[in-house]
Structure formats: structure tokens, C-alpha cells
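One line per chain: the protein sequences are A and B, in this order. FYI, the numbering for the first sequence is 26 to 525, going by the numbering used here. FYI, the numbering for the second sequence is 3 to 512, going by the numbering used here.
No lab work stands behind these hints: they were computed from the structure. Quick reminder that beta carbons are idealized off the backbone N, C-alpha and C, glycines included. Do not rely on the hints blindly, as some may be mistaken.
One-sided excerpt, in silico: chain A residues whose CB lies under 8 Å from chain B [as the list claims (entries may be wrong)]:
1. Y175
2. R406
3. P409
4. F420
5. D443
6. L473
7. Y493
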Amino acid sequence: MVNGLPAVTALLPALILAFTGLALLLVDTVRPDARSNTSMAVVGAFGSLAALAATVWLTASGGVSPDGGAVLLFADAIKVDTLALFFTAIFASVTALVLVAAHDYFHDHANPAAFYSLVTFAATGMALLAVANSLAVVFVALEMVSLPSYVLVAYLKQDRGSVEAGMKYFLVGALSSAIFLFGISLVYAATGSLILADIASASIEGLAGVLGVGVVMMIGGVAFKTASVPFHFWAPEAYEGAPAPVSAFLSSASKAAGFVVAFRVFTEAFPLEMAVSANVDWMLAFAILAAVTMTLGNFAAAVQEEVKRMLAYSSIGHAGYALIGVAALTVDGPANGTVMGAAMAHLLVYGFMNTGAFLFVAMAERWGVGRTFEDYAGLARRAPVASTAMAVFMFSLAGLPPFAGFFSKYFLFQAAIDNGFLWLAGLGAINSVVSLYYYSRVVKALWLDDPESSSALDAIDVRPTALYAAVIFAAVATVLLLPGFGPVIETAEAAASALF
Amino acid sequence: MILEALMAAAFVGALTVFLAPDEWAGRLAFAISLIPFVGSLYLWSGFEAGGNALLGGEIAYATQIEWLEVGGRSVSWFVGLDGISLPLFVLTTFLVPLAILSAWTPVDARQSQFYGLMLFMEANLLGVFAALDFFLWFVFWEAVLVPMYFLIGIWGGPRRKYAAIKFFVYTNAASLLMFIGFMSLVFALGDSVSSFALPEIAQAIAAGDLGTWFGIPPDRVAMVAFLAMFLGFAVKVPIVPFHTWLPDAHVQAPTPASVLLAGVLLKMGTYALLRFNFTMLPEQASMLAIPIAAIAVISVIYGAMLALAQKDLKRIVAYSSVSSMGYVILGLVVFTEYGIGGATFQMVAHGLISGLMFMAVGVIYNATHTRMVGDMAGMADRMPVTVGILVAGAFGYMGLPLMAGFAGEFFIFVGSLSAPALPYAPVFTALAMFGIVIVAGYLLSAMQSTLFGPFELETDYEVGPAAFHDVAPLAVLLVAIIVLGVAPDIFFEMIRDAAVPVVEGVTIDG
């Protein structure tokens with residue numbers, strides 16, 4: 026631990042997030058009738074930025090234990106390592122962006138206070154998920170993320186779309202939680218342990234079949250959380266119906282939370298050698314899911330008429346790319362750590378560009394300009410700065426240089442090729458080309474098309490400062506992560522390599 | 003650090019102008035664009051490097067800073083200039099202020115965005131010519147497309163959206179092909195290169211370090227890479243039959259964008275062909291010499307014939323660019339000192355001349371609101387200065403001695419007539435020379451019917467001389483064309499210095 030601080034300091038980011046949530050409740054109690062949510066936004070943003078600062082500090086100070094390795098806490102149920110910190114940085118950044126943006130989005134909501142604490146508690150759950158080293162903690166943390174998320178999706182109580190989306194999300198989520206939990210119980214039955222390292226070393230004589238079913242069920246849980254095939258169909262509904270800041274939060278942070286489970290649990294509890302020898306080849310399962318997910322997401326996105334729905338499907342497509350991180354792995358593969366690290370770096374970049382894109386939609390909803398591509402026509406005339414930011418997000422999501430999405434995708438595909446998965450990388454590249462079509466439709470609508478009528482732009486009557494700040498910050502990050510990609514990918518690769 | 007400073011000036015300038023009010027965006031952008039220009043003159047005056055940057059020559063104003071690492075190879079911020087890139091660098095900084103001036107009259111909406119994009123494009127163009135690391139170069143290369151897409155799509159003519167998307171799709175698809183081609187080379191080099199620095203890769207290929215990749219033998223990898231890169235760059239140049247995006251883009255683009263498109267963006271293609279295909283894979287180039295020379299000659303003749311058939315002045319100039327780029331390809335493929343040197347010189351010369359032509363046609367269009375040959379006559383009556391410069395520029399296009407175009411084409415023909423690497427070189431050269439006759443034919447006939455004779459044009463307003471800030475850039479360009487024609491050595495000497503190593507094959511540490 027850094028300079029003799031107690032080991033629990035390693036949990037600082039999660040603790041800060043939890044205390045921020047409590048502080049938000051306190052603020053609401055002190056000023057229950059306050060019509061302004063400024064104080065909530067300020068407290069929430071500072072809290073999440075403090076958590077981000079804590080993760081950066083812990084990472085930069087050379088690991089969290091004296092020898093630079095992981096810190097194990099609470100009878101090995103918690104493991105803080107660079108992987109966890111990396112993901113926590115993603116969660117904290119997205120949370121900060123979303124909380125700031127929500128200030129303007131919920132400006133006339135009757136009760137905005139609960140939103141802030143729910144997002145922060147969900148983020149706490151994610152931070153806990155990142156450090157979970159036992160399947161029990163994984164499940165509890167997963168539910169801690171899910172329960173606030175259901176409420177958040179249905180947060181606009183008067184809006185039928187929002188409520189319906191929340192209901193669907195809740196039903197699919199409850200089902201997949203049950204499946205995931207049942208999978209955990211089967212794994213426990215086969216191995217007699219919930220701690221990841223003990224599962225890996227347990228003897229599974231004659232119980233490989235039980236373990237296999239358990240692993241498949243756990244894959245289902247991961248697929249739900251990351252919005253991957255076959256548990257993806259809630260995502261377009263939920264993202265479309267939810268308030269846009271919530272869609273941003275779910276599609277960026279919550280998705281990354283699903284991936285941290287996949288990355289840590291599968292590599293640590295079911296190491297590659299054991300998976301192959303016990304015939305529980307989860308890598309192959311993920312490879313198929315990755316291929317189907319990215320293709321389905323991209324082609325479905327290409328035929329959408331509403332921007333938010335297109336972004337929802339594009340988010341499914343990106344889940345497919347990130348799944349390469351757990352798919353393109355082989356026993357003694359030369360680039361196992363590289364490929365997973367590249368997927369982590371992609372998730373970080375994605376956290377900024379995708380959150381930014383959804384927050385731009387939030388801005389459009391705040392203005393009330395409509396939902397389809399046609400409704401976005403000519404917005405650049407009245408809002409050039411925000412539209413520039415949106416163009417940056419779109420080109421970056423498509424993987425076009427000179428934006429960070431280019432490097433994160435290139436490194437991912439390159440690592441997959443190095444590990445012998447040329448077909449997966451090739452499929453990813455083809456999907457990226459397809460994606461340029463629908464992403465550029467947004468840019469075309471914003472910048473090239475003329476507004477449908479001369480009064481169509483009059484909807485842009487306010488300049489929501491906080492929303493602007495969040496969108497611009499995300500855009501600047503998306504651009505600056507290109508020159509600054511070096512430290513990101515190095516940290517991610519080092520963190521991922523430690524798992525193999 | 004001066005290269006970085008000039009690029010940063012353009013970048014920061016772009017942001018500043020983008021956020022500035024429309025009223026003074028044009029003037030501000032012009033003032034900012036003078037900074038890179040003055041800076042590049044300073045670079046030029048202090049330029050002393052010799053040899054080719056890729057082949058072990060001295061690199062002027064070089065900076066190399068490690069950026070990141072991918073697959074065991076380092077990517078760095080590596081910029082620098084040699085005798086081939088410096089003239090193109092100067093050409094860019096010279097054309098951008100003039101193009102900005104030429105926008106003052108026609109661009110009347112969303113000015114700050116327009117000028118911001120122009121400066122953003124300049125910054126990336128400078129990056130393309132200065133970058134010596136593949137990834138850095140590729141980032142700049144792609145980043146040029148984005149502002150051009152917007153410039154055509156927002157401020158273009160009636161079919162601007164179609165033209166912008168066609169341009170974007172064509173050139174992006176081409177980039178992908180080229181990227182794959184180059185990457186296969188890097189993979190085939192395996193552990194013999196430790197970075198994506200272009201000099202290191204070029205020298206490793208020359209040293210015969212290409213290995214097998216996925217079971218494909220080295221010479222086949224090189225051939226596939228050559229073809230993929232050639233096709234990728236051919237779209238950009240453009241070479242027949244990949245030229246169809248060009249007339250659309252040119253005709254729809256606003257004048258200042260056309261100036262940069264013809265003046266600099268097309269040169270990115272030929273520059274990249276020279277740097278990648280002909281410098282790195284000379285063997286494959288000489289194996290394919292006959293087909294490439296044939297394509298070059300076809301581009302020359304076919305482009306000129308297409309120009310002959312056009313009625314739109316801008317289309318005529320656009321197609322004649324296809325023709326002129328054919329000469330450049332011919333110059334490259336013959337692999338002689340004068341051929342490659344002349345091709346590079348022709349890039350600069352054509353940049354100036356086509357810039358002048360597009361600008362002059364734009365000035366006439368501002369006044370008449372038509373570009374159709376049949377719609378107007380006797381423009382010389384009303385706009386004597388503009389027309390005078392346009393005629394002079396057209397003669398430059400036809401290769402009038404003492405103008406830059408003559409020098410470029412002359413060098414190319416001298417180089418190609420006696421080319422040992424290209425069989426039947428005299429035949430190809432003679433055929434290409436015939437292209438000049440067609441150029442003279444269509445330019446003279448178009449000018450005859452629009453510029454001279456009694457004035458004829460139906461308007462409800464008086465057509466008068468153009469404003470000073472419209473004519474001034476034309477005059478400056480004409481002066482530059484004549485200076486370069488009278489004293490080609492101000493560039494040609496350094497170009498030849500950098501071209502000789504390409505011809506001689508690689509001399510490592512030479």
C-alpha cells in the first residue's frame with residue numbers, strides 16, 4: 026500500500042462514490058423543497074471527480090500494494106488491482122459527465138434529487154463489481170447496479186415510453202439475474218468455492234458437465250449486462266425510452282461494468298488451460314457472440330430512423346467489438362494480455378464518445394427538436410459548437426482518424442490478428458466500414474441538410490450550460506485520447522496481462 | 003520545433019476563427035494564414051538538407067518523439083522535410099491565404115465555420131507533407147478528408163451533398179485499401195523494423211528484410227502491397243478510371259475549396275505514390291512499368307478528351323487536372339532523375355496553375371452566375387484584368403515557355419525520353435506530348451467563345467470588374483508561376499537532390 030496507509034485505502038474510489046450518494050441524500054434532506062438541482066449536480070460531480078482522482082492517484086502511485094500487485098481484502102472477497110482501477114476510472118468519468126448533464130436535462134423535473142443519488146449508487150455498485158473477487162460479491166454488486174438502473178430508466182413517470190422501457194428492462198433483467206445466479210450456484214456445486222482463485226484450483230472430477238452449464242449461464246448474465254446477443258433486445262427499448270442521460274449512463278458505464286465481470290471472472294475463475302481441458306470453451310462462446318453481436322448491432326443500426334435508437338444499436342455493435350477482448354484468447358496466446366488490454370482501452374474511449382453522443386441527444390430532447398434524422402437537419406446552423414462535438418463523436422465511433430476511436434479499434438483488431446484471430450478482426454473491420462454509413466447520416470443531417478422549415482430551428486431557444494459543458498468535455502477527451510493514447514493502452518495492457 | 007509551431011498556428015487559428023463572429027472571420031483567417039506562409043519562407047531560406055528523407059538522406063527540421071507502441075513497434079511524432087516535401091509544404095502555405103482571399107466574395111453564409119475549416123485543412127495538409135511516421139501521416143491524411151467533406155457539402159453547388167458523399171466514400175475506401183496494403187508490408191518485415199518510421203521501413207525493404215507473411219512469399223507480399231497502395235493512391239490522384247469523383251467534387255465545391263482540392267489535395271496522391279510505391283518498392287514499380295505508363299498516357303489523353311467535350315468552364319479545368327496528373331505519373335514511372343524530379347516539380351507547378359484557373363473561373367462566376375461556355379461572350383470587355391490573367395494562366399497550362407508548367411513538363415519529357423527502366427519510353431512520351439495539343443485545343447476554344455468577341459450575357463444588373471481582393475490573388479499566383487518558370491532551380495535543385503537517391507536505389511546511411 027502507498028506509504029503505509031491502511032489497505033482499505035485501495036477501496037477509496039468506491040467509498041468516495043458511496044459517500045457521495047449519501048451526501049446527495051443529505052442535501053436533499055436539508056433542502057427538500059429546493060426547486061433548483063444545482064447543489065445536487067455540484068455535489069455529485071465533485072464526488073465522482075474525486076473518485077476519478079482517487080483511481081488515477083492509486084494507479085499512478087505504482088499499484089496499490091507494496092510490490093505493485095493486487096490488494097486482497099475481506100478474506101479475499103475483494104481484489105483491488107490495476108484492472109479494477111482502470112474500469113473504475115471509466116465509471117467515474119461517465120458518472121461525472123452524466124451528473125453534470127442531468128442538471129439541465131431535469132431542470133423542470135418535480136423531484137430531481139433521487140436521480141443523482143441513484144446514479145451515484147449504481148456507480149458505487151460498478152466500482153464494487155470491478156473489485157469483486159468472489160462470485161457472491163459479483164452477484165451482489167451486479168444487483169446493486171441493476172436495481173437503481175431499473176428505476177432510472179423509468180424515471181420520467183409521466184412518460185409512457187420511459188415507464189414501458191423500465192418495465193421491459195426490469196423483466197429481462199430479473200430473468201437474467203436469476204439465470205446468472207443459478208449459474209453461480211452450479212459453479213459452486215462443481216467446485217465448492219465462490220472465490221475466483223479457489224474455483225480455478227478446485228478439482229472438478231466428473232463434474233465438468235455441471236460446471237459447463239454454470240459457465241454458459243454466467244455468460245448469459247454477462248450478455249445481458251453488456252447488451253450482447255442473445256440478451257440484447259432490451260437495450261434498444263430501454264435506451265430509447267429512458268431519459269437520454271440515463272441511456273448514456275447505461276450504454277457506457279453499465280456496459281463496461283458487464284465487461285469487467287467478463288474480463289476478470291472468466292480469466293481468473295476458469296483459466297484458459299482449464300477451460301480447454303474441461304471442455305468448457307467459453308472463449309469460443311464469446312467469439313461467436315462477438316461476431317453475431319457486432320454484425321447484428323451494426324446492420325440493425327443502419328436501418329433505424331431515430332437517432333437515439335440508432336445509437337442504441339450501435340452500442341450493441343460496440344459490445345461486439347469489446348467482446349473480442351474475451352474472445353480472441355488462446356492458451357499461451359502471444360497477445361492475450363494485449364487483446365484484452367485493447368478491449369479495455371476501447372471501452373474507455375467508448376465511454377467518452379458514446380456518452381457524449383447520448384448527451385447530445387439529451388440536448389436535442391431538452392430543445393425538443395424531435396427524434397429522427399430529419400428532425401436533426403440543419404441544427405449546426407444554430408448550434409455549431411455542439412454539432413461539431415457530435416461530428417467528433419460520430420466519426421470517432423466509426424473509427425475514423427484523427428479521433429481516439431481510430432486507435433482504440435485499430436489496436437483491438439491488430440491484437441486480435443497477432444493472437445491468430447484474423448477472421449474476427451476482419452469481421453470487425455467490415456462492420457466498422459458499415460458503421461460509417463449510419464454514423465455519417467447524423468453528421469450529414471446536422472451539417473449538410475437544410476432545416477425542414479425556417480421555423481424548425483426556433484426550438485433552440487436555450488443554451489443549457491451544463492449540458493454544453495459535458496458534451497464539449499467529452500468531445501475534447503475524444504480528441505485528446507488520440508495523442509494521449511499511449512499511457513492508456515500501456516496501463517490497460519499491463520492490467521490485463523496480470524490476469525494471464 | 004518550427005514545423006510544429008506552424009501547424010499549431012493553423013490549428014489554433016482554425017479554432018479561433020471557428021468561434022469568431024462571421025463579420026470578421028474572413029479577415030482574421032487571412033491574417034492567421036500568413037503566419038504559416040511566412041514561417042515556411044523562413045524554412046525554405048534556411049533549408050540545407052540533401053538527399054531523400056526516406057533513403058538515409060538528411061532530414062531538415064526533424065523532430066522525433068515517441069508516442070506509443072503497438073505490437074512491439076513504436077509510433078512516434080516524427081516530422082521533417084526534405085527536397086521533395088519542402089516545395090509542397092511551401093505550396094500549401096502559399097495557396098491557403100490566396101484561397102481564403104478568393105472566398106471573401108462568394109462565401110456569404112456561416113463564414114466563421116468556413117474559414118475555420120479552411121485553416122483546419124491547412125494544418126492537416128502541412129502534417130501530410132511533413133509526417134515521416136506512418137501512423138502520424140495516416141492520421142493527417144484522413145483528417146484532410148473531414149474538412150473537405152464539409153466544405154463541399156455545406157457551401158457547394160446544387161448537388162453538393164451527392165458530391166460530398168461521393169468524395170468521402172471514394173477516398174475513404176481508397177484509404178482503407180492503402181492502409182491494408184502498407185500494413186501487410188510492415189507485417190512481412192516482421193522483427194526487422196522496430197517502428198513505423200517511414201525511413202526505417204523504406205530502408206529495411208531495400209535491405210531485403212521482407213519475409214513471408216501468413217505463408218505468402220516476400221515478393222508476392224510486396225506486389226500485393228504495391229497494387230493495394232497504388233489503387234488507394236490512384237483514387238486520390240486521380241488516375242483514369244478512378245477519377246469519376248473528381249469532376250463532381252470540383253464542380254460542386256466552392257471556389258476556394260476547388261483551389262485547394264486541385265492545388266494541394268491531388269498532390270497528396272502523387273506525393274504518396276512517390277513516397278510509398280516508387281521509393282519503397284522500386285522493383286515492383288519497374289515490373290509494372292509498362293501498364294503504369296499506359297495508364298498515365300491514357301489519363302493524359304482521356305482526361306484531355308473529356309475536357310474537350312465539356313461546356314462548363316469549371317468542368318474543363320477539372321478534367322484537365324486528370325490530364326496533368328497523368329504527366330506526373332509518367333514522370334514517376336520512368337525512374338530517371340529528371341522524370342521523378344520533373345514529376346515533383348510538376349506537382350508544384352500544377353498546384354499554382356490549376357489554383358489560378360479555378361480562382362479566375364470563380365471570379366467570373368461571381369460576376370455572371372454562370373459557367374456555361376454558351377451563356378456568355380466577350381467577358382474581356384467587362385473584366386479586362388481577370389480575363390488577362392486567366393488567359394495567361396491558360397497559356398501556362400498549355401506549357402508556354404518561361405512559365406512553371408513548361409518547366410515541369412519539359413523536365414518530365416526529358417526524363418522519360420531516355421528512360422532505361424521503361425521499354426518503349428519514346429512511344430509513351432510522344433503519345434503523352436500529344437495531350438498538350440488537345441489541351442491547347444480545348445482551352446483556346448473555350449476562351450475564344452467566352453472571353454472574346456462582343457459582350458453577351460443576359461443579366462438584370464451591370465457586370466463590372468472584380469474587386470481588388472478577388473484579382474490580387476490571381477496576380478500573385480501569376481507572378482509565382484512566371485518566377486518558377488524563369489527560375490525553376492529555386493525548387494528543382496533541392497527536388498533533384500532528393501530524387502536522385504530514389505533513382506539510384508537505396509543507399510543506407512548515404
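To see whether the hints hold, each was checked on the structure:
1. Y175: Because about 40 Å separates Y175/A from the closest Cβ in chain B, which is outside the 8 Å limit, the hint is violated.
2. R406: Constraint on R406/A satisfied, holds at 7 Å.
3. P409: holds, 6 Å
4. F420: Result: holds, 7 Å to nearest chain B Cβ.
5. D443: With Cβ-Cβ at 6 Å, under 8 Å, it holds.
6. L473: holds, 4 Å
7. Y493: violated, 13 Å
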